[in-house]
Amino acid sequence: MEPEAVRFSDVALLALALLERGGDLADVEGHLARRLRRDAVSVRTLLDQCERLGLVSRSGHTLTLTSDGENLAREMRGSQILSAERNKERFRDWRRYVPRRWTKTS
Amino acid sequence: MTWKRSGQGEAEETMPDQLSTPPTGPGRRRVFLSSTWKDLWSERAAVRDALEGVVDIIAMEMFRPNRHPGLRTCLEAVSSCDAILLIVGSRYGTIVPDTTYSVTEREYDFAQSLGLETFVYEQAVDGQGPAQVDDETAEDTARAEDFRHRLRNAHYTVPPPFSSPEDLATRAFRDIKRWIGEVRRPSFRDRRAQAIRSPDGYALANLTKRKLQAKPFPVMIVDLAALNAQEYPPEPPGRMRITGKALTIRETALGHPSPVDILNDFPFPLVSSTDLLEARVALANQHALLVCLAHSEADLRQLHHFTEGPAQVALFSPEEAELPDDARVAYHKTYTQQQLKRCGLTKLVLDLVEERVNEHLVTSLKYGT
Chain A
1 MEPEAVRFSD VALLALALLE RGGDLADVEG HLARRLRRDA VSVRTLLDQC ERLGLVSRSG
61 HTLTLTSDGE NLAREMRGSQ ILSAERNKER FRDWRRYVPR RWTKTS
Chain B
107 MTWKRSGQGE AEETMPDQLS TPPTGPGRRR VFLSSTWKDL WSERAAVRDA LEGVVDIIAM
167 EMFRPNRHPG LRTCLEAVSS CDAILLIVGS RYGTIVPDTT YSVTEREYDF AQSLGLETFV
227 YEQAVDGQGP AQVDDETAED TARAEDFRHR LRNAHYTVPP PFSSPEDLAT RAFRDIKRWI
287 GEVRRPSFRD RRAQAIRSPD GYALANLTKR KLQAKPFPVM IVDLAALNAQ EYPPEPPGRM
347 RITGKALTIR ETALGHPSPV DILNDFPFPL VSSTDLLEAR VALANQHALL VCLAHSEADL
407 RQLHHFTEGP AQVALFSPEE AELPDDARVA YHKTYTQQQL KRCGLTKLVL DLVEERVNEH
467 LVTSLKYGT
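Sequence order for the protein chains is A and B. Okay, so the first sequence: first residue is 1 according to the working numbering, each after it adds one. Okay, so the second sequence: first residue is 107 according to the working numbering, each after it adds one.
Everything labelled a hint here was simulated from the structure, so no lab data went into it. A few of these clues could be false.
Claimed, not checked - Here are some of the chain B residues that sit facing chain A, going by a computed Cβ distance under 10 Å:
hint	residue
1	Leu257
2	Arg258
3	Lys321
4	Leu360
5	Leu471
What the hints assert, rightly or not - Stretches of chain A that chain B covers, calculated by requiring three or more beta carbons in the stretch to come under 8 Å of a beta carbon on chain B:
hint	segment
6	11-19
7	67-75
Think of the CB as a built atom: it goes at the ideal place given N, C-alpha and C, for glycine as much as any other residue.
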């Protein structure tokens with residue numbers, strides 16, 4: 001059986017998870033399994049593939065992002081911030097239509 | 107969720123939760139059903155039944171009880187929809203406290219400010235004027251009449267009033283099906299701000315787009331049967347024709363970050379017909395992936411024009427056609443008549459394009475570019 005091709009989206013999410021959560025292997029594996037809805041085996045395969053791509057380096061139970069991996073994670077985080085900004089714009093837009101007394105904190 | 111006073115602490119505000127709207131099907135368009143309740147409940151039920159499975163209908167009777175005021179929940183739901191379907195009858199409806207507007211009119215105004223697609227249906231009224239409604243004041247009746255006038259002026263294509271719930275359901279079904287069927291090109295000016303339903307998905311799409319801008323992966327579809335044709339399609343696109351498939355693939359890939367063009371559709375007005383093929387081959391060689399579509403064995407003889415160049419060549423041919431021995435293609439897949447007739451071939455091509463773009467993105471990571 002041919003190995004499954006690594007997906008760009010999975011690699012980007014893995015880099016982001018490592019940047020956000022630090023490098024503990026078990027913690028990152030559990031987080032990725034939940035986020036990507038995959039089992040532990042395929043998450044480990046993904047980590048191996050990322051290591052081969054030169055995005056991650058592993059020593060013992062610690063994972064570290066290389067400079068390429070860190071650049072990717074920062075780009076991903078930048079895109080997330082952009083999405084949050086756009087949501088906020090939209091939120092402001094619809095709130096104009098609600099009477100003021102309903103927007104008070106209870 | 108914390109709900110703050112308007113104008114206070116803008117940076118800390120969060121999006122309201124979407125728990126008040128019911129769960130809906132994946133990828134379907136969402137249509138908000140707006141009308142008064144007491145006089146139009148049977149019409150609402152007819153429309154919901156007719157459009158079940160076609161679009162996701164969001165209606166107030168589907169909302170779960172929550173602690174937020176009704177208008178806020180409704181506007182929140184409108185903002186998550188792609189269209190509004192407004193049914194207007196004799197009643198003006200519930201007035202928003204401290205204002206002179208009804209909830210229905212406010213929903214309509216809000217949908218217009220967001221630029222949502224709008225479908226308006228007016229109930230037929232017997233006699234000259236609107237029917238007298240017992241529980242509404244004369245002022246409300248006048249407001250309802252003003253609202254109807256406003257709708258007629260704003261939507262001058264308002265269809266004639268509907269006479270029964272069945273009539274309304276038939277019209278709504280027809281209009282919504284037409285709306286879903288039309289291909290919409292992305293507009294770049296005056297595009298309204300869309301709420302982002304999946305922040306991770308948005309971030310990934312944005313990242314992919316920027317990566318592909320920095321290092322593009324252009325894809326070209328080549329219809330091998332029409333290489334010498336000046337115009338494309340040379341014949342009207344039909345269900346069993348490759349031309350129809352090529353056009354569908356291009357339309358489907360419009361929103362994709364990697365552009366997909368049709369080689370045969372590229373105009374070369376200053377090139378004579380004898381040099382046309384040469385010009386097309388030169389253009390094809392500037393692309394990363396060539397998707398060659400063949401309809402018969404005769405078309406495969408044209409393949410050698412493209413296999414010598416630097417571009418990757420992927421060939422899709424009918425299963426009965428035999429590939430020449432000297433054909434050097436990176437990817438070859440046969441398709442059945444059933445796949446040509448239905449969407450199978452289109453899906454095969456789009457899957458391949460997605461796979462190759464993904465490979466390209468991952469490879470560009472590997473070499474640090």
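Query raised in the report: Looking back at the hints listed earlier, which ones does the structure fail to meet?
Result: Per hint list: 1, 2, 3, 4 violated.
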